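Undergrad: Below, each chain spelled out in residue letters.
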Amino acid sequence: MIFLKRQLPLAITFVMGVAFALQYYIPHPVSEEAITKVSDWMKIISGFALVLGIASVFHVHAVKIRRQAPGWGYSGVLFAAIVVTMVVGFWSGGESKVDGGQTSFGWLYDYTMVPLQGTMFSILAFFIASAAYRAFRARSREASVLLAAAVVVMMGRVPLGQFLLPWTWDITQWLMNVLNSAVRRAILIGVSMGSVALSLKIILGKERSYLGGGKDQ
Amino acid sequence: MIPASLLLLLLIGGPAFASPPSPPEGIRVLDTPNDAGKSLSLVWKASSSDRKDRSVQVWVAESPQAAFQKVAEFPSNSRYVKIGDFPWWAQPAGKGDHYFKLSSSQAFPIDNGKPYAVKLLIRESGQEVWSEAAEGVAAPDYFNSSQVNNLVFVLAFTGVLLASIAAARRNPHVYLRRIAGLDAVEEAIGRSTEMGRPILYLTGSGGMSDVSTIAATVILGQVAKKVAHYETTLKVPHRDPIVMAVCQEIVKEAYVEAGRPDAFKEDANFFITDDQFSYTAAVDGIMLREKPAANFFMGSYFAESLLLTETGAGTGAIQIAGTDSDHQLPFFVTTCDYTLIGEELYAASAYLSREPVLVGTLRGQDFSKAFIMGVLVVGTVLATTGVMLQTDAFNYLLDLFRDFK
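These protein sequence lines map, in sequence, to chains A and B. Under this note's numbering, the first sequence has 9 at position 9, and the numbering climbs by one with no breaks. Under this note's numbering, the second sequence has 9 at position 9, and the numbering climbs by one with no breaks.
Please keep in mind that the hints were generated in silico from the structure rather than gathered at the bench. There could be a bad hint or two in this list.
What the hints assert, rightly or not - Listed below are the simulated DSSO-like cross-link pairs for lysine-lysine, each with C-alpha atoms no more than 30 Å apart in a straight line:
#1 B:K38 x A:K37
#2 A:K5 x B:K226
#3 A:K206 x B:K82
#4 B:K252 x A:K206
#5 A:K43 x A:K97
#6 B:K70 x B:K101
#7 B:K265 x B:K291
#8 A:K64 x B:K38
#9 A:K206 x B:K235
#10 B:K252 x A:K5
#11 B:K405 x A:K64
#12 B:K405 x A:K37
#13 B:K405 x B:K101
#14 B:K95 x A:K64
#15 A:K206 x A:K64
#16 B:K70 x B:K82
#17 B:K101 x A:K43
#18 B:K101 x A:K64
#19 A:K64 x B:K70
#20 B:K369 x A:K37
#21 A:K206 x B:K291
#22 A:K206 x B:K369
#23 A:K37 x B:K291
#24 B:K252 x A:K43
#25 B:K114 x B:K291
Nothing here was measured: the structure is a model prediction, and the numbers come from that model.
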């Protein structure tokens, strides 16, 4: 059992990790074919995994309805939406458009999902405003510097600001190209090192907690 | 009278009697180095006559006797080999030579292992001259020699990491700088316990093949262990069923390790949807209805980051974020109490567990970062000096640190 739960996954991880790290250095079409093949495997596994996901959704919301937990009505709406979408989807043959005309399934998607997604995305504008208000309150020296830099950058990025205060353009460019870029590159170097180190730890079997607990050896 | 007529004729018909352009010299057809095949590289010497109004046409055929087909045309003062095009250890042509890559196309497909003939036509002021035909065979390569420096650095980095792990095993007392966000994990879990509210843990929008998601799942194991000790409710909504399956196993093992397998709830990890904004709306709903006392946002995020964290901030939860998505960092820093920036996400499991193996890798990373910083300083000085002295001498060293595709 320990072989199936530990040694076999670690051996597969090592072999596949080394193979696909070397793949980066091999331009031969065989290497390209291998990565395409593995991508196909990933899609197949994802398809099976989706069954797990759907089972989880049904289980969680069925329990909520059964126990009449707070907000259980939303779970009812979810089941109703799933049933309606599936019925309409099968009825339309899974197509959103046929011969240039919109099917019921296409209508359902365009007039329910798209506006709902758009609504969520549009809320971002208000959240940016409230987050900016919190960030730019000059409560400390650092926050004051942030506020001053933000005001200059905002003025330097809009036509009216450039018209009123032309000097903000040069300062904005300097702030973005020198200070901002330097910090971003520093973060990216750190991220890359951390990412490579974690990948190596996983490939070499030094980091095993992603397999589910157990002390790392 | 006759000499005067001849002179007039020479003046009027001057261009017609002008000497034809000189043909290109040193033309070679090579298999394009370090590629997947189906491509040839054409190399020829630069000429002092190269200029904009002198054009070069590339003609190709399946053999010198077959009919040639024009595949490209460009000014003769272009397509030179420049610094940075090829590393010095894998140069198909010298600096200043002309280089043209002839890839397989619908107009002229190139097959591997088959010889092709190529010749150039030089056109200038209405005059034309053909070069000699040269032959070459395309073939795929098994190793990209331009990236040998990259491979050497990866192997060296692996060696440094393994040496650091071995050193950390011998001497486990490695200094780790304080990371406030990770120190606050215990506080956040304690607060949730006191308030009797759940803890919400998100693993980001990536799949299990993303390193940041793996880091997030590793931290989840450490958090779950502490949650098991405190007997607090843990909720982990997912966007990816595979990540959900992995996290279920991690949380279960964490409860077993903490000696509280009975407290483990199978539905602590649950799937919502893989759609970005539907998932965001559902998690926002959980935050507003169940009011978790602590929210963890680990992994990679996109536009949903602010929608999640701002809602969480509105409920008064203590929020700890950790991400390598540099474009979302400002939102996390603004709305969360603590943010693990970039590499701190990857260091978190070592920091929380204090395992010598994991802590050792942090030291290895630090050595490598010090090396990179040294290379940046020395490289900047050499590149600047090279430009000032107008010399390519330093490029032999600088090429070692360039990323060649």
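Undergrad: Would you mind marking each hint as holding or not holding in the structure?
TA: Hint-by-hint comparison with the structure:
| no. | hint | verdict |
| --- | --- | --- |
| 1 | B:K38 x A:K37 | 21 Å, holds |
| 2 | A:K5 x B:K226 | 24 Å, holds |
| 3 | A:K206 x B:K82 | 43 Å, violated |
| 4 | B:K252 x A:K206 | 21 Å, holds |
| 5 | A:K43 x A:K97 | 25 Å, holds |
| 6 | B:K70 x B:K101 | 14 Å, holds |
| 7 | B:K265 x B:K291 | 19 Å, holds |
| 8 | A:K64 x B:K38 | 60 Å, violated |
| 9 | A:K206 x B:K235 | 28 Å, holds |
| 10 | B:K252 x A:K5 | 14 Å, holds |
| 11 | B:K405 x A:K64 | 54 Å, violated |
| 12 | B:K405 x A:K37 | 23 Å, holds |
| 13 | B:K405 x B:K101 | 15 Å, holds |
| 14 | B:K95 x A:K64 | 71 Å, violated |
| 15 | A:K206 x A:K64 | 41 Å, violated |
| 16 | B:K70 x B:K82 | 25 Å, holds |
| 17 | B:K101 x A:K43 | 35 Å, violated |
| 18 | B:K101 x A:K64 | 64 Å, violated |
| 19 | A:K64 x B:K70 | 71 Å, violated |
| 20 | B:K369 x A:K37 | 35 Å, violated |
| 21 | A:K206 x B:K291 | 38 Å, violated |
| 22 | A:K206 x B:K369 | 21 Å, holds |
| 23 | A:K37 x B:K291 | 45 Å, violated |
| 24 | B:K252 x A:K43 | 27 Å, holds |
| 25 | B:K114 x B:K291 | 69 Å, violated |
The structure is inconsistent with the numbered hints 3, 8, 11, 14, 15, 17, 18, 19, 20, 21, 23, 25, although it conforms to all the rest.
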